[in-house]
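Enquirer: My request is simple: use the sequences and hints to build the entire structure.
The sequence shown: position 14 = 14 (the working numbering), numbered continuously.
Please keep in mind that the hints were generated in silico from the structure rather than gathered at the bench.
As the structure is a prediction and not an experimental result, all values here were calculated from the model.
Yeah, the Cβ is synthetic: ideal placement off N, Cα and C, and Gly gets one too.
Hints should not be assumed to be uniformly reliable.
Straight-line distance between alpha carbons at most 27 Å, and here's what the computed BS3-like set of lysine-lysine pairs gives [what the hints assert, rightly or not]:
#: 1; residue 1: Lys8; residue 2: Lys46
#: 2; residue 1: Lys57; residue 2: Lys43
#: 3; residue 1: Lys43; residue 2: Lys8
Here are the simulated distance ranges between beta carbons [as the list claims (entries may be wrong)]:
#: 4; residue 1: Val66; residue 2: Asn96; range: 42 to 50 Å
#: 5; residue 1: Ile87; residue 2: Arg21; range: 53 to 61 Å
#: 6; residue 1: His48; residue 2: Arg72; range: 40 to 48 Å
#: 7; residue 1: Lys173; residue 2: Val71; range: 55 to 63 Å
#: 8; residue 1: Lys173; residue 2: Gln122; range: 19 to 27 Å
#: 9; residue 1: Asn90; residue 2: Leu115; range: 31 to 39 Å
#: 10; residue 1: Leu132; residue 2: Ser170; range: 21 to 29 Å
#: 11; residue 1: Gly183; residue 2: Ile87; range: 12 to 20 Å
#: 12; residue 1: Gly159; residue 2: Ile87; range: 49 to 57 Å
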Amino acid sequence: MAGNKSTKPATDWERIEADYRAGVLSIREIAGNHGITDTAIRKRAKAHGWERDLAEKIRAKAESKVRSAEVRTQVRTEGAISDRELIEANAEVIANVRMAHRQDIGRARSLAMSLLAELESQTHHLDMVDQLRDLVVNSEDGIDAKLLTMFQAVTSLPGRTKTMKELADSLQKLVTLERDAYGLAEASKVELTGKNGEPIQQQVSHVDERTVSAVIDRLNAEF
1 MAGNKSTKPA
11 TDWERIEADY
21 RAGVLSIREI
31 AGNHGITDTA
41 IRKRAKAHGW
51 ERDLAEKIRA
61 KAESKVRSAE
71 VRTQVRTEGA
81 ISDRELIEAN
91 AEVIANVRMA
101 HRQDIGRARS
111 LAMSLLAELE
121 SQTHHLDMVD
131 QLRDLVVNSE
141 DGIDAKLLTM
151 FQAVTSLPGR
161 TKTMKELADS
171 LQKLVTLERD
181 AYGLAEASKV
191 ELTGKNGEPI
201 QQQVSHVDER
211 TVSAVIDRLN
221 AEF
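Expert: Right, dumping it as structure tokens:
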């Protein structure tokens with residue numbers, strides 16, 4: 001009966017040692033392939049001084065880390081470029097809008113100054129205004145009451161005073177818009193304050209109003 005008893009094949013420790021030193025398979029995988037426990041392999045390796053060759057795994061791991069680092073760097077770089085492009089595009093839009101505002105405000109301010117110069121010339125040449133009134137009154141076709149009323153509304157002292165006040169109001173608003181368009185309002189509000197703690201921008205606005213009022217009073221006196 002003893003001759004029929006199956007015998008367990010001997011453990012191929014040479015093959016196990018080769019697999020162990022190669023370092024490709026894990027110790028558990030080697031143990032499974034040879035039908036023994038990983039503890040038995042560890043004891044054998046310790047007793048016989050086996051060393052696992054991990055160089056290949058180390059190189060593979062290092063290569064993986066390098067590739068991962070390159071990918072992260074590329075992603076960060078592409079993200080940074082996208083941010084710069086986005087900033088540039090939006091800055092371009094804002095710049096175009098502000099430049100258009102500056103041009104429009106400049107044109108409006110130039111027109112207001114031209115009207116002011118026209119009013120000034122009219123005020124300084126009242127004799128010519130009187131001559132023109134005489135021509136209207138002494139017209140061969142008779143007096144056109146409607147035309148005379150319109151002429152007096154434009155050339156009379158109340159009419160010129162009203163025009164001056166409207167021009168002064170327009171100029172004041174244009175100056176404020178111009179300061180905003182050139183970033184002067186933000187700078188004064190952020191960086192400077194007056195003695196009473198109010199932003200200097202508000203104080204400048206008050207000064208502008210007083211200056212305009214003084215100009216109007218002076219013109220009224222001259223008229």
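Enquirer: Against each hint, give a clear statement of whether it holds in the structure.
Expert: Checked hints:
Between Lys8 and Lys46 the CA atoms are separated by roughly 25 Å; this keeps the pair inside 27 Å, and the hint holds. Under the criterion of a C-alpha separation no larger than 27 Å, the hint pairing Lys57 with Lys43 is consistent with the structure, at around 23 Å. Note on Lys43 and Lys8: the hinted pairing holds, with a Cα-Cα distance of about 21 Å set against a maximum of 27 Å. In this structure the hint that Val66 and Asn96 lie 42 to 50 Å apart at CB holds, the actual value being about 45 Å.
The hinted window of 53 to 61 Å between Ile87 and Arg21 holds, with their beta carbons roughly 57 Å apart. For the hinted restraint 40 to 48 Å between His48 and Arg72, the CB-CB distance of approximately 43 Å keeps it satisfied. Judged by the Cβ atoms, the range 55 to 63 Å given for Lys173 and Val71 holds: they are separated by roughly 57 Å. Checking the proposed 19 to 27 Å range against Lys173 and Gln122 shows it holds: the Cβ atoms sit about 23 Å from each other.
In this structure, Asn90 and Leu115 meet the distance hint of 31 to 39 Å, their C-beta atoms being roughly 38 Å apart. In this structure, Leu132 and Ser170 meet the distance hint of 21 to 29 Å, their C-beta atoms being roughly 26 Å apart. Judged by the Cβ atoms, the range 12 to 20 Å given for Gly183 and Ile87 holds: they are separated by roughly 18 Å. Against the hinted window of 49 to 57 Å, the Cβ-Cβ separation of Gly159 and Ile87 comes to about 53 Å, which satisfies the hint.
Going down the numbered hints, you'll see the structure goes against none, and every one checks out.
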